[in-house]
Structures are given as structure tokens and as C-alpha cells.
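Undergrad: One line per chain: the protein sequences are A, B and C, in this order. Residue numbers for the first sequence follow this note's numbering, beginning at 1 and rising by one. Residue numbers for the second sequence follow this note's numbering, beginning at 252 and rising by one. Residue numbers for the third sequence follow this note's numbering, beginning at 568 and rising by one.
Source of the hints: derived by calculation from the structure; they are not laboratory data. Honestly, I wouldn't trust all of these hints.
To be verified - Lysine to aspartate or glutamate pairs mimicking EDC-like chemistry, simulated, CA-CA at most 20 angstroms apart:
1. B:K308 x B:E471
2. B:K369 x C:E785
3. A:K53 x C:D942
As the list claims (entries may be wrong) - Anything over 10 angstroms on all C-beta distances counts as not near chain C; from chain A, calculated:
4. I19
5. T72
6. N89
7. Y110
8. R111
9. R117
10. A121
11. V143
12. L148
13. G164
14. S194
15. D211
16. T229
Even for Gly, the Cβ is constructed at its ideal location relative to N, Cα and C.
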Amino acid sequence: MTPAIELVDVYKAFGNTSIIRGVNLTIEPGTCQALIGPNGAGKSTLFNLITGKHAVSSGHVRVKGHDVTGLTPYEINRRGLSRSFQVTNIFPRMSVFENVRCGVLWALGYRYSFWHRIGTARDATERAERVLEQLNLTGRRDVPAGVLSYAEQRALEIGITIAGGADVILLDEPTSGMSRSETEHVVQLIRQVSEGKTLLMVEHDMSVVFDVADRIAVLVYGEIIAHDTPDRVRADARVQEAYLGVPQGAV
Amino acid sequence: MGQIIFFSLLNGLVFGMLLFMLSSGLTLIFGMMGVLNFAHASFYMLGAYIAYTIGLKVGFWPGLVVAPLVVGVLGAAVERYGLRRVHRFGHIAELIFTFGLAIVIGEVVQLIWGRPAKSYDVPAALDFALFRVFGSSFPAYKGFMLLVSVVMFVFIFAILTRTRAGLIIQASLTHPGMVAMLGHNVPRVFMIVFGIGCGLAGLAGVIAGPVLGTFPGMAEVLGSVVFVVIVIGGLGSLGGAFVASLLIGILQTFAVALNVSVGNVLMALGVPASASASLHDMWKVTVAQVAPIMPYLLLILVLIVRPTGLFGTRET
Amino acid sequence: MSTPAAARPLAAAAAPRAGVVRRYGLWLVGAAVLVALPHVIRAGVAVPIMNQMGIAIVFALAFNMLFGQGGMLSFGHAVYFGLGGFLAAHALNLAVRNGLYLPVPLVPLVGGLGGLLFAALFGTFSTMRAGTVFAMISLGVAELMASSALIFDRFFGGEEGISTNRAKAPLLLGLQFTHDRQVYYLIAFWVFVAALAMYAFSRTPVGRMANAVRDNPERAEFVGYSQRWVRYVCFCASGFFAGIAGGLFAVNYEILNAENMGLGASGAVLFMAFIGGAGHFVGPIVGAIVYTFLQSMLSDYTSVWLLYLGLLFLTTVLFVPMGLVGVFMLHVPVWRSHRVGRLLGPYLLAALVGLVAVVGAIGLLEMIHFVVYADTTQMTKRLFWVTVPVRTVWPWLAFGALTVAGGLGLRWVAPRVVTAFAEASGLVSAR
Chain A
1 MTPAIELVDV YKAFGNTSII RGVNLTIEPG TCQALIGPNG AGKSTLFNLI
51 TGKHAVSSGH VRVKGHDVTG LTPYEINRRG LSRSFQVTNI FPRMSVFENV
101 RCGVLWALGY RYSFWHRIGT ARDATERAER VLEQLNLTGR RDVPAGVLSY
151 AEQRALEIGI TIAGGADVIL LDEPTSGMSR SETEHVVQLI RQVSEGKTLL
201 MVEHDMSVVF DVADRIAVLV YGEIIAHDTP DRVRADARVQ EAYLGVPQGA
251 V
Chain B
252 MGQIIFFSLL NGLVFGMLLF MLSSGLTLIF GMMGVLNFAH ASFYMLGAYI
302 AYTIGLKVGF WPGLVVAPLV VGVLGAAVER YGLRRVHRFG HIAELIFTFG
352 LAIVIGEVVQ LIWGRPAKSY DVPAALDFAL FRVFGSSFPA YKGFMLLVSV
402 VMFVFIFAIL TRTRAGLIIQ ASLTHPGMVA MLGHNVPRVF MIVFGIGCGL
452 AGLAGVIAGP VLGTFPGMAE VLGSVVFVVI VIGGLGSLGG AFVASLLIGI
502 LQTFAVALNV SVGNVLMALG VPASASASLH DMWKVTVAQV APIMPYLLLI
552 LVLIVRPTGL FGTRET
Chain C
568 MSTPAAARPL AAAAAPRAGV VRRYGLWLVG AAVLVALPHV IRAGVAVPIM
618 NQMGIAIVFA LAFNMLFGQG GMLSFGHAVY FGLGGFLAAH ALNLAVRNGL
668 YLPVPLVPLV GGLGGLLFAA LFGTFSTMRA GTVFAMISLG VAELMASSAL
718 IFDRFFGGEE GISTNRAKAP LLLGLQFTHD RQVYYLIAFW VFVAALAMYA
768 FSRTPVGRMA NAVRDNPERA EFVGYSQRWV RYVCFCASGF FAGIAGGLFA
818 VNYEILNAEN MGLGASGAVL FMAFIGGAGH FVGPIVGAIV YTFLQSMLSD
868 YTSVWLLYLG LLFLTTVLFV PMGLVGVFML HVPVWRSHRV GRLLGPYLLA
918 ALVGLVAVVG AIGLLEMIHF VVYADTTQMT KRLFWVTVPV RTVWPWLAFG
968 ALTVAGGLGL RWVAPRVVTA FAEASGLVSA R
């Protein structure tokens, strides 16, 4: 089966600083996987490399079998990969509904047309409203996105990401800064929207990770040191050393 | 021929250094605060007019010292009471504010000093020929202009790199947030830098007024060229501003001096004369007429090829 | 979430229907106003000013497609206005002299195509970046065109410009355009059509994405849109409508010169969009009307009108950046909760104090102008319906005192106004 995401010998350096040092990662389609690692390991950079925000210094990135190395973010998005951001990245002056609808337009084939009236674009409206329901934001439909609460904005962030129906979804710390109950809502949302799709998320909240993920990849200092089921990763000595500083058992 | 080349080079150098005096202030302001001061050339104009007025009452030399100070204080006041308020609305709002400011300063100058050009003259002490070459003389005043530009450049460079205040300013150029965290009053730094930038523009006006003319349109004449200079040189790069200033200064001076038509140039390059009437306009155009367009063509070219400018690392 | 799925589409359909009636209703009212206006305002000087306003409205709306909708500040939009106008003028001359069938009503369309052509051409490099760089490129293009005008004097007509004659053009349906009033109806027609088209554009996929690219160009790329292409399409559309305004200008004034595409015109349209309110569709319409009105009225009374406009502009940027329409919209919740009465007191007080300050400032500025420009034999000036002995010290003290008092008063009254507004709009609970 063609992997959803494939990273082959990917290196990335900013100036003299090497961030990603030879990552080989294969994400199988239909799986829900988490990317974890200590701060500064390069997780967001890896996301940026996959989604086209930064160019790799060397190596290849493949999405659904297509080589996307060096493509622009919109070219990669059009091939069916969508991402959310760690720092909320929405359209603050547009309404919540419009935000989600923006995520839908290209996927429905509207492109740069100025001959369609957006008001009569039933498919876009319906799809956006369905997503709003999933996010529990129908009541805030016409509010400018900039005035939403933090948790609502994070939900909207995910909504924009999945609205287009991409089958490879990347979520960057979706539950960061959230309370327990808010996190539970988001986890439910993630389960709902990732059904039948490939999901890769960066997460720090381990309970979320062990709850949701089929497999976990561990990134430390720009290298993947483990990529396995949650139980095996939990027991892996190198992972424990990376997080705790000493191998378990030695004191 | 040699005479044209020599004097064009020299005049180009003087003009280029003047452009640098203007563009360095603009670059400092832009580099630090992210705001492109549309009214920069207006402060240049104010410097010339204030120095002229002081010259009428007291003399050129007091004007040389006092006028830039007055303009600098005015600039600081504009930052404190105007720009600072607009800062939170973003860079575009700041740009619009300085645009309106340029119009208002232009109108105020016309109101207070009237429309006709002022006879702001070269001081008697400098009104002689510095040297004679190829049968033409080079005025001492232009040498003085060059001297002031170079001294100012060295002065600014020394302050920025050798003093504590200069280090703070350099740090605020790239990391204002961090500098604020370290306890420095960043808004005050902004105000001081804006004032210094405007003061530099005023100084440029004081020395350029007698040569380039002191009239209400002097801000427009130089304003756009200065913007072109800093965009070509690279927004936020002092070195780039220096190179671009000299480049444009020399190129434009040469273009004005050479009175050759485009047709002649093309024929010299072996392109046959075109019979088509619609190109006739372009054919008989002289290089001197093209001179004013040249910086803008260069701007567009550089922006297409290298959007961050020749030396720039930031775009906005 | 309790309504069953079947009921929701019906509910959703019903709500827009009411909105649709309201929206179409507004356009019908607008059309009616346009038709009735010359009959209601009968002053002889009114029609030329209304024509001027109409042209300004189309131009300002076109500018705001770039600025308010697309987030692109252009200092050179008059280039497309002017180039469209020149093309229209030349086409009209061809119609008059060479028999090209171009009746006057279609001339603005030629202008539009001219604007579109040049926008498509210059847009290729202009829209590469947004923000400050875009503004600087637009300035460069404007200066380029201003300087080129002297070179291409066949197209731009040199110093005298290009003149044309609409009376000799071929007729469409026998419609003549010899009188100002007839031109008014042509302009009114094009204002309606252009405004409708520009509004419709904002309600298309690319129009919506223009807003998205304005708000967050990076995010727009991650939902599949190239920010450059969105900006380019927006730029071309904006150039098209600016060209229509230029064509209307050519028809109305029958002469066009390089100044019409210069920085002055570009600055004026920026002023119009900004003062009206760039964040709302009708903002530029209001701004165009206010600017045209102020400019024609003020220039009759004072030579310093541009200074006043500039100061007004600065005041707007500093204190009311959302523009007139923006301020109006801010008060909608106050109106809805019937708390307008609470605002009357503080607002009236602020207006009074402001008036004092403004009278003082105008007095000082006018007297300065007098001292600098008037003949030394003239001793008095007529200011505010009073003959003022400008060369004595008393008027200076008086106006100076008014300015200072008004300024201090404004500083005193401002926090009260802000608090009153906050209370009235329910942001803060009243004490």
C-alpha cells in the first residue's frame, strides 16, 4: 500500500544549525499516529518540511506516492494534505462560517472563479455548516473569528484544516493550552474527523497520545529514535533516556 | 569627453552621498520600527527652509547646526504624538499616516514660506572653485557637501558600533521585544531613532538646499528616488542603501549629462532605424529624458529579480 | 443540534430569503435615488458636482477592491484610471474622426478594458508581494508613468493632454450627450452597474479568498490558494473598474492629461476610501461623496483647502481609522438597545468643544496665509463673516486662545465620551 507520508533521508539546516538530521519516516494510510519528542527536537520543522513551508536541505518528501519535495504549500494541499498550526492561524476579520468555507472552496473546485455567486454555492455552504456542527460552533457562526475564545479558535483551526476533506491530516499540538474538558472535546473531534483518513499529530499531552494514536514516532535532536506501537515505545530504553535523562532501572 | 566623465562622476558622487544621507535615516527608521517614513523627504525640505530662515537672520553656519536639531525634535514629537498612536494598527496604517503627514508638511511649508523658490544661497566663505580640471571648475561647496556626508556617515557608524546606546539601537533593530524585556525603554529608543533619522534628513536639506534649490516641490523631487534607493539596496540594510545611493546617484548624473538619443545608442549597437511612426516617440527620446525614469525601471527590475533588494534580508 | 437534518436546509433557506429581499431592496432604493437626484436638487451647479461624485464613487470603489478587500495599499491606482481614460479618449476620437462605431455609452467600457490591460501587464510584478513592498512598487509604477507621459506625447498629448468631443460621436438609440444632465444619467447608469458588479465580485470565491489573503496570506496557501494569484486577479479586476471611472472622466470632461494619473489623484482616492471606511462596501461611496463635496466647497472659500483636507486625513488615521461608515456601524448595537439618548449629551459637548478648537485653528491658519500672501496694503480679512484686522495682535490672541481652549477641552471631554460609548454599547455596565 502506498504510504500516506514518506520521508526519505530528510535533512534540514537553517544556516549552520542542523535541525533535522536524516529522518526516515513512513506513515501508513488510514492510521492515526503521533509525533512526540522533547522541546526543540524539530517536530514543527518536520511538519513545515512535509507541508512545503520550508524546503528540505536534502532528501525527499512523498505524499500519497507523489514526490512533493520543493512544492509550494498550496500545491501540496491540492494533493490532499492539510495541516493545522500550533499558533492559531485563522482569518480574524472574517466570520467563523467564512473561515471554514475558505477551507472548502478549492476542494470543491471553485478555484479563482469570479463567475460563481458564493451565496448560491450550496455545496460549499452545506459542507461548511456540517463542519461547524462537528466543531460545536454553529452558535458562533457569524462572529468574527478574532473575538472567539482561545479554545474556540483552536477548534476552528482544526475545522479549517479538515473542511476541505483532505485525506492526510497533520495537526500541530491541537490541544495545547487547553483544560481537561476542552482537551476531551478536541479528542472526540479528532476521532470523528480522522475516521477513514490518515492522521499525524504532534502532541505533548501523553494521555491524548496514548488514547488516540495507533503508532508513535519519537523525534529527538532531529532524528527518529523510535516508531512503534504505544506500549513498545513506552518501554523503549532510548525513549526513556531522552525524556527522563537516565535509563530506567539505573539510579 | 573626459571632462563630462570626470565631472559626472564627481557630481554623481556628491549626489549619491546626499541620497545616502537621506536613505540612511530612512533605513534606520524602517529597520527598527518597520515603518517606511513617507514624510522623510518632507523633513529634508523643512531642514532647508528652516536653515534658510536662520540664514536670513543670523547666518549659514548657525543654521547648519540649529536646523537639523529643530527638525529632529519635530520628528521626535511626530513619533511620540502621532506615529506611536498608529503603531498598533499595523505597518500599512503607519505608512498611510506618514503619507498624510507628507502632504500636511508640504502644505504648511507653502503656507508659511510661500510658493516661489527661496534664494537660499551658498555661503560666501564657500563660494569659490576648489580646483580646475579639463577647463571646468568644481565648486568648493560641493566638496563641503561631500565632507559633511562622509563625516556624518563615520559619526553614525561610530555611534552604532562603538557606544552602548548604539548597541541597544542595533539590538532593537532586530529584536525589539527582547530589548524591552531587558529593561530598556523601547518606545523611547524608537522616538530617539525617529528623531535622529529626521534630523539627518534635515541636515541633508540644509546642505542641499543651496545646490538643488529650495522650493515647495523639493520633497517630491527627491522623495521617490530615496524610496527607490532603499528598496533596491534592500529594506533595512545600511550597506545596501550606501551602494544603491552611489549607484543611482552616479547613473542619474551621467544620464543627465549625456545628451544622446536612444536612437543613437541603438544605432551604435547595430540596431537598424525603425520606420514605424509609433516607435518614433521612443526613438527620438534622449538619454537625459530617460534619466528620471531610470530609477523606477531599476526598482521594478530589482524587485522582480530579487524581491528582498540587493543586500536585504527582510521584506517588510 | 436537536433539529433533525431534514428541517435544517429548510430553515437555512428561509433565513436568506428575508435577507435577499432586504439586499435587493437596498439596490432598488439606490437606483431610485440616482434617478431622482437631479430632479430633487435643482441648483445649477449641482449636476456637474454630482457627475464628479459619480466618477469618484466608481474610482473609490475600485480602489477599495484592492485596499479594503484585498489588503493591498496602492499609491498609484490612478495609473489605471488615467490609462483607461486616455484609451477611452483616443477611442472616442477615433469614433468621431474615423467612423469607428463607438457610441458614448460604451466609451467607459473601453476605458475599463484599457485599465484591465495595463493592470494585467503591471500586475505581473506588482502583486508578487503584499504590504509595504506592494505599496512601494505601486509608487514606482506611478512615478514611471508620470515620467513616461513626457516621452510618449502622442498617447498622452504632452502638456495640453488629449481632448475629445462627445457631441460628435455616433449615436446609440438616438441618445444625445450634449448637456450635463444627459451625461449625469450616463454616469449614474455606470455607477449603478459598476457598483453592482464590484459588490458581486466580492461575493464570489475569488472575492472571498481576497479577504482571506488579506487577513492571513499564509493560511490561505495552506487551504490550497496561491496568494499571488488571488492578489493578481483582484488587481486586474480593480484595474478594470478604475479604467471605467477613467472612461467616465473622459466623457464628462472631454479632456485628460498626465496629472489625472498622477500621485495627486492616487492620494485623493486613498483619502476617499479611508475616510469613508475601507472595511465596508459602502465606505468608499460615502468617502467619495464627502471628499468631492469638501474639495469643491472648500476651494471656494479658502486657498488652504488641501491643508485642511490633509489635517482631516491625519485626524482620521489617528483617531477614527475605521472611517465614517465604520463609526456608524459601531453605533448599531447602541441603536438596537435604544441607548442612543445616553450618548447625546457627551457627543454634543464634544462637538461643541471640537468646534471651538477648529474655529480657532482655522482662524490662525487663514491669518497666516493672509500675512504671507496678501498685499502689504491690505489690512483686514473677512473671516467667519467678521472683518478681522489681521495685522494687529488681538485676533491672533483670540484665535490662539480658542484653539488652546478647544484643545484642552477635547482632552478633558474625550474620556467621558469613551466611557459613555462603552456604557451605551453594553461593553461596560453603567454605574
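Undergrad: None of the hints should be skipped; say for each whether it holds.
TA: Verification of the supplied hints:
Between K308 (chain B) and E471 (chain B), the direct Cα distance comes to roughly 28 angstroms. Violation of the 20 angstroms bound is thereby established for this hinted pair. For the suggested pair K369 (chain B) and E785 (chain C), the alpha carbons sit about 51 angstroms apart, so the restraint of at most 20 angstroms is broken. Taking the CA atoms of K53 (chain A) and D942 (chain C), the gap is about 67 angstroms. The hint is violated against a cut of 20 angstroms. I19 (chain A), annotated as away from the interface, keeps every beta carbon of chain C farther than 10 angstroms; the closest lies near 20 angstroms.
Distance to chain C contradicts T72 (chain A) as a non-interface residue, since its nearest Cβ pair spans about 7 angstroms, not more than 10 angstroms. A cut-off of 10 angstroms between C-beta atoms contradicts the statement that N89 (chain A) is not in contact with chain C; the least separation is 5 angstroms. The Cβ of Y110 (chain A) does not lie farther than 10 angstroms from every Cβ of chain C; its closest approach is about 4 angstroms, which violates its non-interface assignment. Consistency note on R111 (chain A): stated as away from chain C, yet its beta-carbon is not over 10 angstroms from all of that chain's, at 7 angstroms minimum.
Distance check on R117 (chain A): its Cβ comes as close as 6 angstroms (rounded) to a Cβ of chain C, failing to clear the 10 angstroms threshold; non-interface status is violated. The Cβ of A121 (chain A) sits about 7 angstroms from the closest Cβ of chain C, inside the 10 angstroms cut-off, so the non-interface label is violated. Remark: the non-interface label on V143 (chain A) is consistent with the geometry, its nearest Cβ contact in chain C lying 13 angstroms away (cut-off 10 angstroms). For L148 (chain A), the shortest C-beta to C-beta distance to chain C comes to about 14 angstroms, beyond the 10 angstroms cut-off, and the non-interface label holds.
The non-interface label for G164 (chain A) is inconsistent with chain C: the shortest C-beta to C-beta separation is roughly 6 angstroms, within 10 angstroms. Residue placement check: S194 (chain A) keeps its beta carbon more than 10 angstroms from all beta carbons of chain C (closest about 18 angstroms). The Cβ of D211 (chain A) lies farther than 10 angstroms from every Cβ of chain C, with a closest approach of about 24 angstroms, so its non-interface assignment holds. Non-interface status of T229 (chain A) relative to chain C is upheld: no Cβ of that chain comes within 10 angstroms, the nearest being about 31 angstroms off.
Hints 1, 2, 3, 5, 6, 7, 8, 9, 10 and 13, counting from the list given before, are not met by this structure.
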